[in-house]
Amino acid sequence: MPSPQAPADPSPPGAAGTGAAADLAAHLADRLADRDVLRAFGAEPIVGLGAGRALLMQLAHPGVARGVAEHSDFADRPLARLFGTLDFLLVVSFGTPEEVARIAAKVRGIHTSVRGEGYSGNDPGLQLWVNATLIDSALYLHERLGRPGRPDAGQAEEYYRQARVVAEVLGCPAEAQPPDLASFRAYMDEMVASLEVDDNARKVAAAVLHPRKLRALAPGLAVFRVVTAALLAAAAYLLKRRDA
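Just remember that this note's numbering sits 93 ahead of the position in the sequence shown, which is counted from 1.
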């Protein structure tokens, strides 16, 4: 479970240095060699429907919510995190090791400056949680809206195994992640039961779901809100609310 306290930051591979991207590419080469199921899942249009679900689940962790609230311009660019995450996933899923290493070095460098009371952008626990919401949302959509009988147990297990590399690219080592799908589902159950939606989360969520500066997108955003609420409802009822 992600710690609510910000740890001392070791320098993650790729965070800085002239040869950082090359070193990181070599470090991740073996893990990036096997991405066929990760790519197949990511290429399905239905996965995009879970973007709002994953984002709101991320924000339900107080450490993530506070980091976003204090270190992003969500009020002026409400969809930047959402689209930035999608771009990151596309590169990690389909890019070359060198391309993945470059975006990893960029993200890790940004995260190094994301620090405050109770959180750190380089906290492996928070990195694990962010990727967990993406994995869980992809599986949720494939299992409920995908083709009948797919994914089967083997495909779901292999997807989880391959998708763990996303957290590794962020900086969370493989040994700090649940080793298999059953352990991952147990982790998700424990996390969802412990999350708390605070004022930071509500503030960021409001900016994303009801952006004042994107009135031209109002019809599409209305659909986005309905879909997100429908997909998140079961989990949301388990989340405690609190005042920041």
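Be aware that one or more of the hints could be misleading.
Unchecked claim - Derived lysine to any residue pairs resembling SDA-like cross-links, with alpha carbons at most 20 Å apart: (1) Lys199 to Tyr233; (2) Lys296 to Asp273; (3) Lys296 to Ser165; (4) Lys296 to Leu274; (5) Lys306 to Val316; (6) Lys306 to Val200; (7) Lys199 to Asp116; (8) Lys199 to Ala122.
In short, the hints are calculated from the structure, not lab data.
Going through the hints against the structure:
1. A C-alpha spacing of about 30 Å is found between Lys199 and Tyr233, which places the hinted pair above 20 Å, so the restraint is violated.
2. For the proposed pair Lys296 and Asp273, the alpha carbon gap of about 35 Å is over 20 Å, so the pair is violated.
3. The straight-line distance between the Cα atoms of Lys296 and Ser165 is roughly 12 Å, inside the 20 Å bound, and the hint therefore holds.
4. Taken as a hint, the Lys296 and Leu274 pair is broken in the structure, with Cα atoms around 33 Å apart against an allowance of 20 Å.
5. Of the supplied pair hints, the one linking Lys306 and Val316 holds, its CA atoms being roughly 17 Å apart against a limit of 20 Å.
6. Simply put, Lys306 and Val200 have alpha-carbon atoms about 26 Å apart, too far for the 20 Å limit, and the pair is violated.
7. In summary, the hint linking Lys199 to Asp116 is supported, as the alpha carbons are separated by about 14 Å, within the 20 Å threshold.
8. Restraint check for Lys199 and Ala122: the C-alpha separation of about 18 Å stays at or below 20 Å, so the hint holds.
Violated hints, in rising order: 1, 2, 4 and 6; the structure is consistent with all others.
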